[in-house]
Each structure stands twice: as C-alpha cells, then as structure tokens.
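Numbering (my numbering), first residue to last: 1 to 292.
Worth double-checking, as some hints may not be accurate.
What the hints assert, rightly or not - Beta-carbon label-pair distances, calculated as ranges:
no., residue 1, residue 2, range
1, D145, Y203, 35 to 43 Å
2, R258, G131, 31 to 39 Å
3, R60, A130, 19 to 27 Å
What the hints contain is simulated information worked out from the structure, not anything from laboratory work.
Owing to the predicted nature of the structure, the values given are computational and were not obtained by experimental measurement.
Cβ coordinates follow ideal geometry from the N, Cα and C atoms, glycine included.
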Amino acid sequence: MPAGRRSAGTPRPSRHPARTTSRPGAGGGPATAPLPASPGLASHSAAMGSGDDYDRMGERYAAHAEANPYNALYDRPAILALAGDVAGQRVLDVGCAAGALAAAFVGRGAEVLGIDASRTMIELAERRLAGRARFRVADVSRPLDFAASGSIDLVAASLVMHYLVDWVPTLREFRRVLAPGGRVVLSTHHPGEDWHWFERPNYFAIEQVVDRFPIGDETTEVRFYRRPLSAVFAAIREGGFQVDELAEPVPLPECAERFPEVYASLTTTPRFLYLRLLPRPPAATPGGGRPD
Numbered sequence: 001m002p003a004g005r006r007s008a009g010t011p012r013p014s015r016h017p018a019r020t021t022s023r024p025g026a027g028g029g030p031a032t033a034p035l036p037a038s039p040g041l042a043s044h045s046a047a048m049g050s051g052d053d054y055d056r057m058g059e060r061y062a063a064h065a066e067a068n069p070y071n072a073l074y075d076r077p078a079i080l081a082l083a084g085d086v087a088g089q090r091v092l093d094v095g096c097a098a099g100a101l102a103a104a105f106v107g108r109g110a111e112v113l114g115i116d117a118s119r120t121m122i123e124l125a126e127r128r129l130a131g132r133a134r135f136r137v138a139d140v141s142r143p144l145d146f147a148a149s150g151s152i153d154l155v156a157a158s159l160v161m162h163y164l165v166d167w168v169p170t171l172r173e174f175r176r177v178l179a180p181g182g183r184v185v186l187s188t189h190h191p192g193e194d195w196h197w198f199e200r201p202n203y204f205a206i207e208q209v210v211d212r213f214p215i216g217d218e219t220t221e222v223r224f225y226r227r228p229l230s231a232v233f234a235a236i237r238e239g240g241f242q243v244d245e246l247a248e249p250v251p252l253p254e255c256a257e258r259f260p261e262v263y264a265s266l267t268t269t270p271r272f273l274y275l276r277l278l279p280r281p282p283a284a285t286p287g288g289g290r291p292d
C-alpha cells in the first residue's frame, strides 16, 4: 500500500469521506459525477444524499465522530486553536452535527448557536448541551435568515465547505452576520490530497467526486466537491474575505500512542486545510477615498 494510505483497520474520519482501501470507482460506480444545477448542498449531512441519512444513523454517527481520531485529535483541536479566545463571544457552529465542537466552545465560555441539516443531529446536540447552547435545523447553502447582520463574532465551519459546489454565496452570508472584528475559521479537504487520491486527470477542475465510508456495519456513499487551491482563494476573495492564517496542522501527540497508523499518515500527508478568514476591507479608490 502506498505511503499515507489508510488500511482497512484505520478509523474513518467523520464529516468527510474516508478513503476506502481501493481507489474510488474500482469495481463499482464512477469516481466523479456532473455538477448539479443547484447552488450547493445543505451541509455535511445533506452531502450523503439528504439529512435523512444522518437521521437514520443517529447515535451511531454521533459516537463515531466523538471518538474518531481525525475529529477528536486532529480537526477539533486545530479549529479551536485557530479560533483563539472565544470567552464571551457569539459563535455560529456551521454543520454542528451532535454538538462535539459546540460543547468545546461552550466550555471555553462562548455563546453558541449550532446549525445542521439533520434534525436528528440537532436533537442529539440539544440533548448533549442541555440548554447551554442553541441549535436549529438550517441549510448553509441558503441565506442565514435567522441570524441578524453583525450578530456573530466567530463562524466555525468544520469540514463542511467541500460539500458546496459554490462557496461564494455562503461566504457572503458569513460576512454579513459577522460583527466588527469577527472572523471565520474553517477546515476543508486539502486540494492536493483529493486530487492525488482520486487520480483525477485535471487538478484545476472543480468536480463532484464520490467516496464511501463505513459507520458501524453500514457503508455510506458520500458526494463532495474537489477543487484546486486557486479556486479556494478566489472564492474567499469574491466572498468578501482575506486569509489571516493558513494552517496544515498535525494531530495531538496522544494520537501517536493510541492510533499510530493514523498519526504516521497525518504527519506525512496533508489531509485537511485550515483557514482563518477576516472580512476584506473595501478597496481604496485611486484618490485615496473609499468607493460608495
């Protein structure tokens, strides 16, 4: 097996497609699909087909995401590090699933609103936080009408954006809801990893790909969008943001003892890309003023 590839016994990350032990499409369906006409998918929940898939998996999925090293020892710590001090701040947790990241923000003193496409995930999050955070079913590819302009200090989008064919409308909504001094932290698939894994002929294409991962005794098909790094940065700029920090972190040290194969992979091959975004100031006019 090539270096960095997961074996059959390697835990699968949640909220993104795990890599199967064979190439996508081998002995099965195609690895790519045409781009849909719709502007995007509701969230990581909808990417599996609909929020109903997560409704059906329910607590099995929540338990999987809670203990999975990709989530517990890699993604969540990296998101929290980029977020920085959140005490007393209003946090919008986009694609909150069963509330693991929301709980971490609450534990750091934040006021949290979590959204997800799956009603079951929202119910699990409400049960977990027991009134210490607010949750609602919402589609992140549509306007965030429930959030007033300037009402959020931090938008956290953990492993969600790659399920959207077009990032720009969602990023513009993130910018609208941010208060002065606010920021966005997000994680998404690393463009180089997706291109390498799916062996696509054109790195620069934006295309839907299909992968499969097991949760318990079931295998779920996942569809998401791979894109080049240049497309990520173009969407960020068009969405009204600039990159404050880009990170390619490694997992927490305890991962080396508990999941040595995962640790070896994640310390030699980038899996996710982490970004902290700040609203881009309006461009100055040639005369030194601001445009109307």
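A quick look at each hint next to the structure:
1. D145 <-> Y203: 35 to 43 Å: 37 Å, holds
2. R258 <-> G131: 31 to 39 Å: Cβ of R258 to Cβ of G131: about 32 Å, so the range 31 to 39 Å holds.
3. R60 <-> A130: 19 to 27 Å: At 21 Å between Cβs, range holds.
When the structure is compared with the earlier hints, no violation turns up for any of them.
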